[in-house]
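Both chains come to you apart, so use the hints to assemble them.
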Amino acid sequence: LAKTTQPISMDSYEGQEVNITCSHNNIATNDYITWYQQFPSQGPRFIIQGYKTKVTNEVASLFIPADRKSSTLSLPRVSLSDTAVYYCLVAPEYSSASKIIFGSGTRLSIRP
Amino acid sequence: DAGVIQSPRHEVTEMGQEVTLRCKPISGHDYLFWYRQTMMRGLELLIYFNNNVPIDDSGMPEDRFSAKMPNASFSTLKIQPSEPRDSAVYFCASSLGTGGWYTEAFFGQGTRLTVV
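Same order as they appear, the protein sequences are chains A and B. The working numbering puts the first residue of the first sequence at 1, with every later residue one more than the last. The working numbering puts the first residue of the second sequence at 1, with every later residue one more than the last.
One chain only, chain B, in its complex shape (with noise of 0.2 Å):
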């Protein structure tokens, strides 16, 4: 397996404009995480999905965001409208649901946001 795939790897975009973050997890995980980091803020969990159901998204900051997963391979992290302090590295990050939270949890490389 490729690992978790997340595309772009970097996106500048003007205020305003809407963001889409894509991740593909390893195929056969059942939860997928979307983080943020930021030198200020460290490393964020936004939310969680468990079987391509939302299990908490209590770290989503704003209404701007809004993130899905239609199917088992597939999610995505929208921001509407996109902000300058929106800028951050996103991480999309896959495993099993056996051994609790998250034994052993893969992140991808990252999207590497920058709203100007």
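The following block holds chain A by itself, in its conformation from the complex (with noise of 0.2 Å):
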């Protein structure tokens, strides 16, 4: 299984754009990139998924390069709300979820 490295820590301030970046130099050709968002004392919630390229939801965009070893989580003019632990999971898309690890995550304080 790929296994995934973030920074441990990212500060920023409101209104900025955030990138965040997880790098996966191994990654599988059947593995998919999923990023999820933890704030405290609540459970983990799904951001985005991707294969290749890019995509783009309501909440966040992610960029994935052709080589696929990295993907950058981006997150557009960020509030004080998003202040959270963010998990970069990298699996295929048909793994045993025992097989889903949560890494450490990114820490992610944002300033007024």
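The reader is advised that the hints may include incorrect statements.
To be verified - Label pairs and their computed distance ranges (CB to CB):
| id | chain 1 | residue 1 | chain 2 | residue 2 | range |
| --- | --- | --- | --- | --- | --- |
| 1 | B | Leu96 | A | Glu17 | 27 to 33 Å |
| 2 | A | Pro76 | B | Lys78 | 42 to 48 Å |
| 3 | A | Ser104 | B | Pro61 | 17 to 23 Å |
| 4 | B | Leu96 | A | Ser74 | 22 to 28 Å |
| 5 | B | Lys68 | A | Ser79 | 40 to 46 Å |
| 6 | A | Glu17 | B | Pro8 | 27 to 33 Å |
| 7 | A | Gly103 | B | Pro54 | 23 to 29 Å |
| 8 | B | Ser87 | A | Phe39 | 17 to 23 Å |
| 9 | A | Ala66 | B | Arg64 | 24 to 30 Å |
| 10 | A | Ile8 | B | Leu96 | 28 to 34 Å |
| 11 | B | Pro8 | A | Asn30 | 39 to 45 Å |
| 12 | A | Gln16 | B | Arg41 | 30 to 36 Å |
| 13 | B | Ser66 | A | Pro76 | 41 to 47 Å |
| 14 | A | Ile8 | B | Pro61 | 22 to 28 Å |
Rather than coming from a laboratory, the hints here were simulated on the basis of the structure. From a predicted model like this one, the values you see are computed outputs, not experimental measurements. Ideal placement from N, C-alpha and C gives every residue a C-beta, glycine not left out.
This is how it looks when you write it as structure tokens:
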């Protein structure tokens, strides 16, 4: 299974665009990339999922280069409420859930 | 739908006591997951069910832990006897089976367990 590496923490300010990069150098051909967000005292929440190129939804964008060895979660114009831990997951679409590993995540702090 | 509902939200118990955590998944979801989260180990999958059948319990730490899903709308995670090292936040999540492993898993608010 592809191991992921993310920055432990990031800081930014309200109104800025935040990009969180995840490295997954040994990603397999049938692996998908998924990002979750977790607020304090809450369970993780699905943000976005992609396989290649770019995926965009109402919350974020996910950029995946052609070699797929990394991915970048982009949060446009963040607010204080975006302060959370962000997890990058990589696994085959039909993998057993027991193979899905939530790493340490990236602790994002947004300041006024 | 109210989302995944867990109870209780907080539980404080003495070492050696039995603890039962409860979960009501989102109606129509056929996958149910139990996770445990601690500062040291992060978020760990304990067990998951598909259509009420346990599929993989390899994450269950010891025989002291057991989980059941008697029907599609209810699951329990039991710890007997409890130990201080079981103190953690326990999350239940559910998802639809379409799209593979879990394209989008919906998590409950969690149960914060403290064993003293």
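Does the hinted range 17 to 23 Å hold for B:Ser87 and A:Phe39 at CB?
21 Å, holds
Given the hint of 28 to 34 Å, check if A:Ile8 and B:Leu96 actually sit that far apart at their C-beta atoms.
Given about 33 Å between the Cβ atoms, the range holds.
Quick check on a hinted range of 30 to 36 Å for A:Gln16 and B:Arg41, using CB atoms only.
32 Å, holds
A:Ala66 versus B:Arg64 beta-carbon gap, inside 24 to 30 Å or not:
48 Å, violated
Just tell me: holds or violated, for the beta carbon distance of B:Leu96 and A:Ser74 against 22 to 28 Å?
Given a distance of about 27 Å, which is inside 22 to 28 Å, the answer is holds.
Look at the Cβ atoms of A:Ser104 and B:Pro61 and judge whether their distance stays inside 17 to 23 Å.
20 Å, holds
Can you tell me whether the CB distance of B:Ser66 to A:Pro76 sits inside 41 to 47 Å?
Holds - the Cβ-Cβ distance for B:Ser66 and A:Pro76, about 45 Å, lies within 41 to 47 Å.
Hint says 23 to 29 Å; check whether the CB-CB distance for A:Gly103 and B:Pro54 agrees.
Distance hint for A:Gly103, B:Pro54 holds at roughly 25 Å.
Outcome of range test on Cβ distance (A:Pro76, B:Lys78; 42 to 48 Å)
Between A:Pro76 and B:Lys78, where Cβ atoms are some 44 Å apart, the hint holds.
B:Leu96 paired with A:Glu17, Cβ distance criterion 27 to 33 Å
32 Å, holds
Honestly, do A:Ile8 and B:Pro61 meet the 22 to 28 Å range at C-beta?
26 Å, holds
Do B:Lys68 and A:Ser79 keep their Cβ atoms within the hinted range of 40 to 46 Å?
This hint holds: roughly 41 Å between Cβ atoms.
Checked against the numbered hints listed earlier, the structure breaks hints 6, 9; every other hint is satisfied.
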